[in-house]
Amino acid sequence: MSGVALFAVLAAFGVVVGAAAGLLGVGGGVLMVPFLTLVAGMSQHEAEATSLLVVLPTAIVASIVLRRRQVGDLGVALRIGLIGTVGGVAGSLLALALPSHDLRLVFAVFLALVAVRLVRDSLVTR
Amino acid sequence: MSISGEVRTNAPSSAVPARRHPLLLWLDPQLVAIGVAGGVLSGLLGVGGGIVMVPLLVLWARVPQRDAHAVSLGAIIPISVAGVLTYGVAGKVRPAEALALAAGSLLGARIGANALARIEERPLKLVFGLFLGAIAALMLVRS
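Here the protein sequences come in this chain order: B and F. Going by the working numbering, the first sequence opens with residue 174, and the numbers climb by one from there. Going by the working numbering, the second sequence opens with residue 89, and the numbers climb by one from there.
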């Protein structure tokens, strides 16, 4: 895919990513990175860098909407995020030293358990 | 912070009562731990911090589901600023593609955030649970 068609597809996919990000409170990188590597033919590094650049304005716009509608607490959020940036640097350095394959496996299992718990919580009548 | 759905009053260090003590909040070890976990795992595994932070905020800090998603989004702002600066130095960004994606995602972000402000606690748990399940499956398949 090339030229105008690719950009139209990217913009349309962007709407889906933004909506998912705003609703689920995630950045959307988890959707964008595979898409950019598979559809737009980017390298893993290009896809991650490009996705990060989209995540930032998306999170800002969604946060403005949520602040206006008084959901959550942006002050608390920014503090957690500032602490998170320090953790992010540590994580990037650790990634160079640790076996990432095993870690991904453990993390995937953690996510699966959380998924089961949330789906169960949403379905069980209280 | 607006309380959506159930109110859990027995949460000693959730973000809701702690809001009245901003200074204590800064030092709240639970929130520090969630920030660090979000940052470390996103740096370590290349997944966004939100996927880590939302479950921890809900299941551990007992923040109501809707507020957890909003807090996670806000926390992503400084985390991604740091990421953009790091990758910007490396010069790997493809600006034209980023612009096309952002054009769509800025519209989508408004739609999604407004939906989050309206959605009930249960369907939100269900949607997010299914989303996490799909990601877990994807990670298991690819690893």
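For the record, the hints were derived by calculation from the structure and aren't laboratory data. All C-beta atoms in this analysis are idealised placements derived from N, C-alpha and C, irrespective of residue type, glycine included. Warning: the hint list may mix true and false statements.
[Stated by the list, open to error] Some chain F residues near chain B, calculated using beta-carbon distances under 10 Å: (1) Val128; (2) Lys180; (3) Lys213.
Against the structure shown, which of the earlier numbered hints fail to hold, in ascending order? Nothing - there is no hint that the structure violates, so all of them hold.
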